[in-house]
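With the hints as extra help, turn the sequences into a complete structure.
Note that full-length UniProt numbering has the sequence shown beginning at 1, numbered continuously upward.
Where hints are given, some of them may not hold.
[Claimed, not checked] So the derived label-pair ranges between C-beta atoms look like this:
(1) V139 to D31: 48 to 56 Å
(2) V82 to M105: 52 to 60 Å
(3) V135 to M105: 39 to 47 Å
(4) E106 to L54: 22 to 30 Å
(5) Y53 to V82: 16 to 24 Å
(6) L57 to F95: 19 to 27 Å
(7) E85 to I42: 17 to 25 Å
(8) P94 to D6: 34 to 42 Å
The hints are simulated quantities; they were obtained by calculation from the structure and are not laboratory data. Backbone N, C-alpha and C define an ideal beta-carbon position, used for all residues, glycine too.
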Amino acid sequence: MRSTADRIRHAISFEVLALLIVTPMGAWLFDKPLHEIGVVTIVSASIATGWNYLYNLGFDHALRRLRGTVRKTVPIRVLHAVIFEIGLLFVLMPFIAWYLSISLMEAFLIDVSFALFYLIYAFVFNWVYDVIFPVPEPVRPS
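Shown next, in the form of structure tokens:
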């Protein structure tokens with residue numbers, strides 16, 4: 001298991017590096033000023049954090065009410081992830097459209113692009129992080 005300090009280092013480095021990559025990339029891809037995309041990425045990351053908390057709380061309450069347990073099978077985990085992303089999309093789209101003065105369709109495309117970036121980024125980042133900072137093996141008694 002990772003220590004609390006390691007988990008904090010992981011979370012902070014994940015977010016900071018992602019923002020350093022996605023902000024200039026988003027400004028370039030969508031032909032928007034860097035500071036505007038910077039605000040969108042920082043606010044989106046903050047909203048995603050709050051949405052994560054509220055969504056998981058609500059999902060677990062619904063799961064307990066419907067199934068009597070919060071244990072998640074693989075199909076429920078897939079459903080959980082899909083609904084989370086769709087919900088986040090609907091939460092972020094109006095903000096992105098409003099802040100960038102663009103249509104909801106354009107905001108949808110930007111939001112989906114960011115989601116795809118984070119999907120790939122999370123996979124690569126976590127793999128590299130595990131190589132650079134491997135989880136210590138437990139000491140086995142001789």
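Hint by hint, here is what the structure shows:
Remark: the range hint 48 to 56 Å for V139 to D31 is upheld by a beta-carbon distance near 55 Å. About 21 Å separates the C-beta atoms of V82 and M105, a value inconsistent with the hinted range of 52 to 60 Å. At roughly 43 Å, the beta-carbon separation of V135 and M105 lies within the given 39 to 47 Å, and the hint holds. A C-beta distance of roughly 26 Å is found between E106 and L54, which places it inside the suggested range of 22 to 30 Å.
The supplied range of 16 to 24 Å is met by Y53 and V82, whose beta-carbon atoms lie about 19 Å from each other. Evaluation of the 19 to 27 Å hint for L57 and F95 yields a pass: the beta carbon distance comes to about 21 Å. A hinted range of 17 to 25 Å holds for the C-beta pair E85 and I42, which are about 20 Å apart. As the Cβ distance of P94 to D6 is approximately 37 Å, the hint placing it in 34 to 42 Å holds.
Checked against the numbered hints given earlier, the structure breaks only hint 2 and satisfies all the rest.
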